[in-house]
Structure formats: C-alpha cells, structure tokens
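**Q** Read left to right, the sequence shown gives residues 4 to 187 (my numbering).
Relax, there's no trap hidden among the hints.
No more than 25 Å apart at the CA atoms, straight line, and that leaves these computed lysine to any residue pairs for SDA-like: (1) Lys-90 with His-104; (2) Lys-63 with Ala-53; (3) Lys-90 with Glu-60; (4) Lys-126 with Arg-24; (5) Lys-90 with Phe-56; (6) Lys-36 with Asp-57; (7) Lys-36 with Thr-47; (8) Lys-126 with Arg-93; (9) Lys-123 with Ala-102; (10) Lys-153 with Leu-107; (11) Lys-90 with Ala-128; (12) Lys-65 with Val-94; (13) Lys-92 with Ala-52; (14) Lys-89 with Thr-47; (15) Lys-36 with Val-168; (16) Lys-97 with His-83; (17) Lys-153 with Phe-179; (18) Lys-153 with Gln-120; (19) Lys-97 with His-46; (20) Lys-90 with Thr-47; (21) Lys-138 with Pro-173; (22) Lys-36 with Asp-170; (23) Lys-138 with Arg-77; (24) Lys-92 with Glu-127; (25) Lys-123 with Pro-103; (26) Lys-138 with Met-85; (27) Lys-63 with Lys-90; (28) Lys-138 with Ile-175; (29) Lys-123 with Ile-71; (30) Lys-92 with Thr-132; (31) Lys-65 with Pro-41; (32) Lys-123 with Gly-163; (33) Lys-36 with Gln-172; (34) Lys-123 with Lys-153; (35) Lys-126 with Met-85.
Now the in silico label distances, taken between C-beta atoms and shown as ranges: (36) Gln-9 with Lys-89: 23 to 31 Å; (37) Ala-185 with Gln-14: 35 to 43 Å; (38) Leu-119 with Ser-64: 36 to 44 Å; (39) Leu-119 with Lys-89: 19 to 27 Å.
It should be emphasised that the hints constitute simulated quantities derived from the structure, not laboratory data.
Glycine included, each C-beta is placed from N, C-alpha and C at the ideal position.
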Amino acid sequence: ITQYYQQNGYQVMLAAADTFRAAAIEQLQTWGKRNRVPVIAQHTGADSAAVSFDALESAKSKQLDLLIIDTAGRLHTQSHLMDELKKIKRVISKLDTSAPHEVLLVLDATIGQNALQQAKLFKEAIGVTGLCITKLDGTAKGGIVFAIAKEFNLPIRFIGVGEQVTDLQPFIAEDFIQALFATS
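The whole structure should be built from the sequences, with the hints applied where relevant.
**A** And the structure:
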C-alpha cells in the first residue's frame, strides 16, 4: 500500500502499531527502509494507541500526506484486541478530529464465508471504510469479495495476488472478474 501511494506522489509514514507479534516491528521497519519511508515504532508490548498517536503527531509536524497505521492481525472474537482498535481510533481523533480517514479491513480470501462475519463485526466495531483482500493467488477464487462488498456497501481498495511488493494491487473490478472466470 505504501508503494502504491508513493507512486501516486504521496509522502508516506508508517506506524508500527502491531506491538504484539514477535518481530512485527522489525518487519515493518524493513519494509520502511525498502520503500524509503519513516517508521514510528516503540518496543514490543508497547501501547499501540500511543504508537499511533506519536506517529500521527510526527506525520503532521513533517507535513506528510499519509500515515499508515499497521495493527496486529486479530479475529473478531478477540474482544480485547477489538477494544484496542477502538482505542487507537479514539486516541488519534484527539489530534485530528476527522481521523482516521480510511479504515481498511484486510481479509484472507481463503477463509470464505467466515469473512462475512468478520466484516460485519469489524464494521460495527470500528467503522471499516474499505477492504483489502489477500491470498487471491492460491486456490481461493475470491467470490466472497462480492458478497462482502454488497452486504456492507464497502469498496474493495486492494487485492493481494502473491507475496511480492508489486503483488498488492489496486482493485479493478473488470480485471478481477476476468480473472475470476478465466479457465486454466
């Protein structure tokens, strides 16, 4: 996502708000270096809302165009982690009352119908505004994408079709439909 926005002329900063998973911060810092973007991070176990606040403060002071807050993956059944997302949203809105400007839910295409329940609960909890569907390069065809987009009136922003940086692409409906119905 960072690379996409950079290629479209945006100055981007990353916030390492996944303070739970081992090596998550280092992984994001590596991606930041590769893309030549600053990464605001604290230590593993730090308060992800504090990281997000610090990052937004830094992005605003540097007059950057876009801050991407990377949070830990979670299931909708993990109420304490859902509360963490609500806290991040609440804390950053203290610096910018219109923040966040976009809330992307990243869904794994291989989970099928479970994605509907995830989308429903995430939208209710934090106001998801768009979708990023990953793992469309595997056996999953991604038909669930249409059900989610229709049911919750959410635009699909990006799709992941591999593990390379260039494999995360903006969603273009016509291309997706062609690939969905292509015969091998």
